[in-house]
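Trainee: If you read the protein sequences in the order shown, they are chains A and B. The first sequence begins at 1 in my numbering and counts up one residue at a time. The second sequence begins at 1 in my numbering and counts up one residue at a time.
Worth flagging that the hints you see were computed from the coordinates, not collected in a lab. Where hints are given, some of them may not hold.
[Claimed, not checked] Straight-line distance between alpha carbons at most 30 Å, and here's what the computed BS3-like set of lysine-lysine pairs gives:
| hint | chain 1 | residue 1 | chain 2 | residue 2 |
| --- | --- | --- | --- | --- |
| 1 | A | K73 | B | K788 |
| 2 | B | K421 | A | K133 |
| 3 | B | K424 | A | K119 |
| 4 | B | K51 | B | K91 |
| 5 | A | K73 | B | K784 |
| 6 | B | K787 | A | K69 |
| 7 | B | K787 | A | K159 |
| 8 | B | K787 | A | K58 |
| 9 | B | K788 | A | K69 |
| 10 | A | K159 | B | K771 |
| 11 | B | K424 | A | K69 |
| 12 | B | K771 | A | K69 |
| 13 | A | K159 | B | K421 |
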Amino acid sequence: MDILVTKDLIKQYGKGEMAVHALDGISMNVEKGEFVSVVGTSGSGKSTLLHMLGGLDKATSGYVEVDGKELSKLSDDQLTIFRRRKIGFVFQNYNLVPVLNVYENIVLPIELDGNQPDKEYIEKIIEMLGLGKKVNNLPSQLSGGQQQRVAIARAVAAKPAIVLADEPTGNLDSKTSQDVLGMLKITSEKFGQTIVMITHNEEIAQLADRIIRIEDGRIVKGGEANATGK
Amino acid sequence: MLRVNNRKTVRRLAGKSYKSNEKRNRTAIIAIILTTVLFSAFFTIGLSLAKSLEYNSMRLSGGMGHASLKYLSDKQYDELTKNPLIKKVGKSYFCGTMEDGVLIKRPVELNYKNKEDIRQAFMEINGEAPVEENELVLDSIALDMLGLEHKAGQKISLLVNFDDHTEQVEFTLSGWYEGDPVFNSSIGLVSEAFKNKYLAGRGQKYNQDYDAYGSCNANIMFQNSSEIEERIQQVITEAGYSIEEGKENSIAYGVNWSYISTGTDGGRETKIAVAAGLLLIMLTGYLIIYNIFQISVIRDIRFYGLLKTIGTTGNQIRRILIYQALRMSVLGIPIGLVTGYGLGLILTPIIAAEMYGKRAFLSRNPLIFAGAVLFSLITVFISCIKPARIASRISPVEAVKYSGVEKSYLKKQKRTTHGAKLYKMAFSNLGRNKKRTVIAVISMSLSLILMNMVFCLSSSFDLNLFIKRFIDVDYQLAEASYFNSDYSQDEDPVSDEFIKAFQSQQGFVDGGSIYTNYSKMLCVEAEGEFEQWGLHYSLQKGDVAEAEVYGMDSFVLDSLKMVEGEFDAEKFATGKYVLLGVATDDQGHPEMETACFHTGDNIKLKECTKSELAPEVEQYDMEKRAYVDKEGNVVRKPILYEFGSEKEYEIMGIYELSWTNMDRSYGSFAVFSMPTSELQKWSEDGRINRMSYLAEGEDELETQLDGFLEQYTSIVEPTMNYASKKVYHAEFDQLKSILVIVGSILSGIIGFIGILNFINSVSTGIIARKKEFAMLRSIGMTVKQLKKMLVYEGIYYLAFTIMFSVSGVLVTSFTMIRPLADSLSFLIFKLTLAPVLLAVPVLAIITGIIPLVSYRSNVKKTVVELIRDGE
Numbered sequence: 001m002d003i004l005v006t007k008d009l010i011k012q013y014g015k016g017e018m019a020v021h022a023l024d025g026i027s028m029n030v031e032k033g034e035f036v037s038v039v040g041t042s043g044s045g046k047s048t049l050l051h052m053l054g055g056l057d058k059a060t061s062g063y064v065e066v067d068g069k070e071l072s073k074l075s076d077d078q079l080t081i082f083r084r085r086k087i088g089f090v091f092q093n094y095n096l097v098p099v100l101n102v103y104e105n106i107v108l109p110i111e112l113d114g115n116q117p118d119k120e121y122i123e124k125i126i127e128m129l130g131l132g133k134k135v136n137n138l139p140s141q142l143s144g145g146q147q148q149r150v151a152i153a154r155a156v157a158a159k160p161a162i163v164l165a166d167e168p169t170g171n172l173d174s175k176t177s178q179d180v181l182g183m184l185k186i187t188s189e190k191f192g193q194t195i196v197m198i199t200h201n202e203e204i205a206q207l208a209d210r211i212i213r214i215e216d217g218r219i220v221k222g223g224e225a226n227a228t229g230k
Numbered sequence: 001m002l003r004v005n006n007r008k009t010v011r012r013l014a015g016k017s018y019k020s021n022e023k024r025n026r027t028a029i030i031a032i033i034l035t036t037v038l039f040s041a042f043f044t045i046g047l048s049l050a051k052s053l054e055y056n057s058m059r060l061s062g063g064m065g066h067a068s069l070k071y072l073s074d075k076q077y078d079e080l081t082k083n084p085l086i087k088k089v090g091k092s093y094f095c096g097t098m099e100d101g102v103l104i105k106r107p108v109e110l111n112y113k114n115k116e117d118i119r120q121a122f123m124e125i126n127g128e129a130p131v132e133e134n135e136l137v138l139d140s141i142a143l144d145m146l147g148l149e150h151k152a153g154q155k156i157s158l159l160v161n162f163d164d165h166t167e168q169v170e171f172t173l174s175g176w177y178e179g180d181p182v183f184n185s186s187i188g189l190v191s192e193a194f195k196n197k198y199l200a201g202r203g204q205k206y207n208q209d210y211d212a213y214g215s216c217n218a219n220i221m222f223q224n225s226s227e228i229e230e231r232i233q234q235v236i237t238e239a240g241y242s243i244e245e246g247k248e249n250s251i252a253y254g255v256n257w258s259y260i261s262t263g264t265d266g267g268r269e270t271k272i273a274v275a276a277g278l279l280l281i282m283l284t285g286y287l288i289i290y291n292i293f294q295i296s297v298i299r300d301i302r303f304y305g306l307l308k309t310i311g312t313t314g315n316q317i318r319r320i321l322i323y324q325a326l327r328m329s330v331l332g333i334p335i336g337l338v339t340g341y342g343l344g345l346i347l348t349p350i351i352a353a354e355m356y357g358k359r360a361f362l363s364r365n366p367l368i369f370a371g372a373v374l375f376s377l378i379t380v381f382i383s384c385i386k387p388a389r390i391a392s393r394i395s396p397v398e399a400v401k402y403s404g405v406e407k408s409y410l411k412k413q414k415r416t417t418h419g420a421k422l423y424k425m426a427f428s429n430l431g432r433n434k435k436r437t438v439i440a441v442i443s444m445s446l447s448l449i450l451m452n453m454v455f456c457l458s459s460s461f462d463l464n465l466f467i468k469r470f471i472d473v474d475y476q477l478a479e480a481s482y483f484n485s486d487y488s489q490d491e492d493p494v495s496d497e498f499i500k501a502f503q504s505q506q507g508f509v510d511g512g513s514i515y516t517n518y519s520k521m522l523c524v525e526a527e528g529e530f531e532q533w534g535l536h537y538s539l540q541k542g543d544v545a546e547a548e549v550y551g552m553d554s555f556v557l558d559s560l561k562m563v564e565g566e567f568d569a570e571k572f573a574t575g576k577y578v579l580l581g582v583a584t585d586d587q588g589h590p591e592m593e594t595a596c597f598h599t600g601d602n603i604k605l606k607e608c609t610k611s612e613l614a615p616e617v618e619q620y621d622m623e624k625r626a627y628v629d630k631e632g633n634v635v636r637k638p639i640l641y642e643f644g645s646e647k648e649y650e651i652m653g654i655y656e657l658s659w660t661n662m663d664r665s666y667g668s669f670a671v672f673s674m675p676t677s678e679l680q681k682w683s684e685d686g687r688i689n690r691m692s693y694l695a696e697g698e699d700e701l702e703t704q705l706d707g708f709l710e711q712y713t714s715i716v717e718p719t720m721n722y723a724s725k726k727v728y729h730a731e732f733d734q735l736k737s738i739l740v741i742v743g744s745i746l747s748g749i750i751g752f753i754g755i756l757n758f759i760n761s762v763s764t765g766i767i768a769r770k771k772e773f774a775m776l777r778s779i780g781m782t783v784k785q786l787k788k789m790l791v792y793e794g795i796y797y798l799a800f801t802i803m804f805s806v807s808g809v810l811v812t813s814f815t816m817i818r819p820l821a822d823s824l825s826f827l828i829f830k831l832t833l834a835p836v837l838l839a840v841p842v843l844a845i846i847t848g849i850i851p852l853v854s855y856r857s858n859v860k861k862t863v864v865e866l867i868r869d870g871e
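Okay, chain A solo, but in the shape it has when bound:
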């Protein structure tokens, strides 16, 4: 079952001769429970793609469908609400709220939605990510790896349809990177969580079930689920 589908996705900056095609007709799909990595050099359009998938940015043409909802048809606020229910983000620089402690950061999207967090589930995630002793700490008291683990916990806390990770290890040393990726992978397997990860690091990309390669805004490899390998 496809949880994520894009069709002829085009994102164009500027007009006429000055036009730059950040995305030039991306068609791809991701199945439920899949761990997909998107690789490409810098400027290849992979971050733009992630923003489109997460509903942070609007496409020039084509469409994105997440969990059966076409994102372009949603208003700004509807999109935000959709995002906090269906999409979890993990950013390169963690982006935790500095005034909230670890626990509060994790449950923030759930509470923004006006829901009570599933405590058992949250505790399980916290335990699994090794954050048990840190729940009361503020982000400034955590190492980079710990912060990113908090970000991962936050991303999956609301049981989203898909987790989008943008260079999640970009700011971490290689050992910590391995830890964090391990966590991401375990999360994917244990909770059957769909994950799309962007990276420019081939080695890291190998951890995924499938690799989608982008160059100059086009998919050069791996756009279709089950089309290649697996």
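Please arrange chain B on chain A, whose structure you already have, making use of the hints.
Mentor: Leaving out everything else, chain B in the frame of chain A:
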């Protein structure tokens, strides 16, 4: 050390940085303008009031000269004023008086004064000083009486009294000056030619013929005001004249008491008040200017870090900042000066009129501008110090990371598992930059506290107490001079016509008169040691002291407030009894310790036909508070009396002296009241002087009665005047409204600064968190939720401000307003929080809207752009 000429470069950098910060500059310049406005208004009002006070006291003492030599001949004048001790001398000739009918109420004395004397007498002539023989300058009051316009060039024909003859003189008005209602007479200026024509040769031998016409006074200014008396005596003796009275070559002199009596009383309070005012303004200015610079430095920290990386020293960076501050000051201070001076000019007369009831002088003292510029610059510099230090000390590496937000958020843990609620997040956000939050809160609170203080003070004003202090009956009718506390028993009675006219009015209920005896002095026998009005009396058996005796109609007697004994009208009417009056203190309590007799005492009143100072009396000793002889010994019987008739009375009781039942001047040894018929017996022909008439009117007809009195005293008998509850009510309202107006303007300005500060803090907080907001939105916070969080933040600001203001109000009310209220009889301390509470809705709107507006104007980019900004 090698001096490198980098001034130009630094200045250019400063200029570039200045230009790139337009929004900050605008706010900072407004802040500097407002600070300067406050300073210059403060100085204008302060110096103008000081000048008005000085003027009023000097004017009462005759002018600004330190001392004067009186009744000089021209020859004496020349000899005496040669003395090198004298710095400046004003020359004034007494030239006659006006004899015109309409001027009876306002006698006009004619003087020829030289330029210096005109200056010393504070006469600011509109037009020209008289030069031609027939030229004249009058004051506005005399002109009004004569029914003339305030305009030079008019022709007036006036009868002038030269003592030996009177003469009709045709004058041309060459100018006029603002008259002072405090004085009962005006001075008309004539020319030297006038003096020479009409008074040729006169006034040259005052010691022999006592002809003051044509004699001259020298009003002398020394280098400074120390040892005035010694120096003026020296001037006289060195010229070969005598300072002793009554000799052929003696010269009469006077010392300006306003220089002597301007003791340091109240000097300390004034200094403290001035210092407090300046500090308050500096604090207000500092809070905002500091905040603006601090924020701008944090925002530009990468720019400063970059400069550091490429080799700019900390000192140079500091200079870059100070250059910018100076540039803003150059723009802001002049605007502030003009506005503030203007504000001062508007407010001064309002305040002065209330404080002195007299003319206000607007100070043009350059100190106003110098002071305002200096203090504004000091405030700007103080405000720059810390931001400049931050900018200059930042390490280039840190600068890249520094956002001024997280760094100060050093809390390690936060124990809660309740999750993240918007209102909690908002609360935490306020704590991220505690200093900035505190500054914004204090800044907003200052004006609230000040405003509340003003209203607390004004609501403590008690109308009834205020009115009671001045009038304890419905109406008091008297001759105009009575109300100027200038009543003399020989003259100025209330006219029968006036009283009859009033009695015939609808609404008149009852009334009665208070009389004084006509030019006859009464004394009372007493024995013992007494302190009365600063005079020490040491009286032995048979000694007497001056008594003030009033005759009162039964209406007045019934209205007296007895504080000792019982008043029995029937017994009193027999004429065997008198009542003793005692004054009340500022709180309205009778000062019983000043009562020299008590109920049941028998006293003996004596008519005094003659009194004079004993020959051995040399002077009055201020320290001993008694008359002393040449050796400084207290003279036991300083005043010698000759007595006429006498009579014994019994004291029936003691009553409170009030503003209406006496002549409004204190100082007699004792005050007695007796029935009118009894007072008449002390006068050979039964004539007594009706000092004032007290009356009761129907409350419903108050307006008509007041209207009648107002009209009667202005049209029918302008020399009569009246007091009523309504008149004092109006005065009370005026006093209160002035307090409120001045207070509101001040707190308005400070409040505006507070709001500016709040805007500044909020928008900086938003700008610094742009990226965080983008992140919050990416993980699912709707714009609505984000705005809600910002509104919560505003609400917390509001809550803190209210908390701070309320505690500030409580502290200031109890430590400042309450003692003040306790010391003034017409104030009853009433704590009010109404102004702060009434300001809450307004503040709520402001604190609710500003974050939203600021968000809208600062966060326009899309989430993606915002996220990318930080990477």
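Trainee: Each hint: holds or not?
Mentor: Do the hints match the structure? See the list:
1. A:K73 x B:K788: Roughly 26 Å separates the two Cα atoms, so the pair holds.
2. B:K421 x A:K133: holds (22 Å)
3. B:K424 x A:K119: holds (20 Å)
4. B:K51 x B:K91: holds (24 Å)
5. A:K73 x B:K784: Within the cut-off at roughly 20 Å; holds.
6. B:K787 x A:K69: holds (27 Å)
7. B:K787 x A:K159: holds (26 Å)
8. B:K787 x A:K58: holds (23 Å)
9. B:K788 x A:K69: holds (28 Å)
10. A:K159 x B:K771: Holds: K159 (chain A) and K771 (chain B) sit about 25 Å apart, inside 30 Å.
11. B:K424 x A:K69: Not satisfied, since the Cα-Cα distance of roughly 33 Å exceeds 30 Å.
12. B:K771 x A:K69: holds (28 Å)
13. A:K159 x B:K421: Distance of about 20 Å is within 30 Å: holds.
Consistency with the previously given hints fails for number 11 only.
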